[in-house]
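Participant: Protein sequences, first through last, are from chains A and B. Residues in the first sequence are numbered from 1 upward in steps of one, following the numbering used here. Residues in the second sequence are numbered from 443 upward in steps of one, following the numbering used here.
Hint data in this document are derived by calculation from the structure and do not stem from the laboratory. All clues given are correct.
Here are the simulated SDA-like cross-link-like pairs (lysine to any residue), alpha carbons at most 20 angstroms apart as the crow flies: (1) Lys724(B) <-> Thr162(A); (2) Lys138(A) <-> Leu641(B); (3) Lys724(B) <-> Ser203(A); (4) Lys724(B) <-> Pro159(A); (5) Lys476(B) <-> Ile591(B); (6) Lys178(A) <-> Arg642(B).
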Amino acid sequence: MTRAAIDRKVANKSVMTSPTADPVTDAELVPPPEAAAATVGEAPVALRVENVSKVFGRRPAEALRRLEAGASRDEVKPYGTAAVIDASLEIRAGEIFVVMGLSGSGKSTLIRMLNGLWSPSAGRVLIGDDDLSAVDAKELRALRRARLSMVFQHFALLPHRTVLDNAAYPLEIQGMRKKERRAKAAEALAMVGLDGWETSLPSQLSGGMRQRVGLARALAADTDILLMDEAFSALDPLIRREMQEQLLDLQRRLGKTIVFITHDLNEAMYLGDRIAVMRDGRIAQVGTAEQILSDPANDYVAQFVADVDRSRVLTASSVMVRPAAVVPASGGPRQASRTMREAQVSAAYVVDRQRVLRGVVHDVDAVAALRDGKSTIASAIREGVTAVRTTTLLADVFAPAAEDALPVPVTDEDGRLVGVVPRVTLLAAMAPVDKTMGDGDE
Amino acid sequence: MSDSTVPRMPLGEWVETGVDWVTETFRPLFGFVKDVLSGAYDVLSELLLAPPFWVVTALLAVIALVAKGWKLALVTVAGFTLVASVDQWDNAMKTLALVILASLIALAIAVPLGIWSARSDTVSTVVKPVLDFMQTMPAFVYLIPTVVIFLTGVVPGIVATVIFALAPGVRFTELGIRQVDAEVVEAGQAFGATPGRILRQVQLPLAMPTIMAGVNQVIMLALSMVVISGMVGADGLGRDVVAALSSVDVGKGFEAGISVVILAIFLDRVTAGLSARTPVAKSLATGLV
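Sequences and hints are given; from them, build the entire structure.
Facilitator: Okay, structure coming up:
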């Protein structure tokens, strides 16, 4: 499922025009949009955060007690700084899970509890089945070596070591022999496109290249879980986008479990299979980019996502509606014109027995066919109607929508018609969800 | 507030009693320390004095060449030839031996203490005021108890010098380690490195330019204190300076003084050169090009 989500973002910008037939019959014509939008499947949980809190300061126990009693973050200030409050997450194997929040929201503290750099004041963190708070320092180090690697905001490279030896550092810690670890590190460097730079020092590289070394170092460690703390935040916007694309590209090949921390909403939406929005130490909402955009949990999230370029996050499936009129290709013109009349539309979508979209029939053509005494509407079908896929981003639905007055048909991967996107729906989806008068949870 | 309203507190007497008690109680220990220090000093000064002056000068010039460059090597040759020509060579080598010995001991104490302070806030808060005390106490004052304990000669000079020169070594080491980018240390931790490995492979190399600045300070302070300890009969240039002072002999004073300056230039430039040659300092320098 995660793979599909990545495909949606990286590869799939295609607009279907000639669907292929498929033997499967009786697919439901219009599945509910949520079914198509759901991205997280039932992969095993790789990382579990259970009611974790972290309080820095003089009296963390007292602060925790008051927080549990319902005190706010500001109210417990005299006892300590509550960086993370009662956070629970389940991060599934193979997904890119983004934790997004402004500075001070507790996201960096949260990620540092995922590999035990800081221990929670309350709650627990589980890597697979291993409880981080139940292991001693030695076991924790072994766990980090085997399971977790991390990419840092300011790269955190050793300035006196070459690029190759920096990338090999986790393997050196693991106790691998020099020749072997250098070979593995060179592979990782090649993966991020840094072959040829092995003997350079970090100070000779640009920021983007340094972070590639940081990424190669994490990849060389070859752990299932990759923690990325604001990994691209220190880079120029253009380099940042390049790195994001590279990360998705690598993820498609490697299928790691990635926890990505960012304050950049667009980055979160671009990378995340699922996103947790943090505010004031609490997790405000967890969901896919589309869920957060179209159904924000509260005012804060709604305001936060107000500025997002929705057309680059939402897909056709999240806004499509049931087509008003659909007629079978084998049906007659009389049936077709009756369907259109009942639906009060001037054109109907034509599908074959497998619900594969064949084209469109207009009322005038149907009436003409009827007048000419045709038994089917075959001759009246206008083919070559531009359809989009369920996974097509709304940004790519505008062009087909402008071509034709008809709603844009949406098809699944087999070319079956699953819904349509009328222009008015498309435009309405671009506006932020108005949540200001409703279910604020503060 | 007049003097009569405040009763006289016998602070000095207390300290005196304390020093006496310490002297009596630890007499065997102090005897051992004295033997070790004077033995080490004898060996070191013999080593420096046994070869002819030009051999030692050539050796020092090579050190200067490696640490800094040919210019410093030239200055070294010229400087130490001048020292020899004003008949201060023996004194200069004795002083150099004292400086080297005292600096090595001071660093052997200061660097681990600095590392410990950097790793523990408790240790840091205890050590800091002690260092402040040691640095602000007038240098001469250290000589008094050391003379009581070790009598006159080279050993009280070395001990007083070690105490006096210790502080910057501790401070710079602690500062250097605390200044190491927290993320780089976290990176070591995140990949499962042990604290010892992080210290050896991350913290010390990254702190090395700062620690070397501390080493430089320790050596310079040691040099100044070694001269002062000429007052308690320590060998070297200090004794001539003190003698020149008591007999108001401007010429001799200047000759001994200029020798101290030449030693100081050599030691300062060499240690500064070495700190610029640490791997981290070098890698940062390449980045600026």
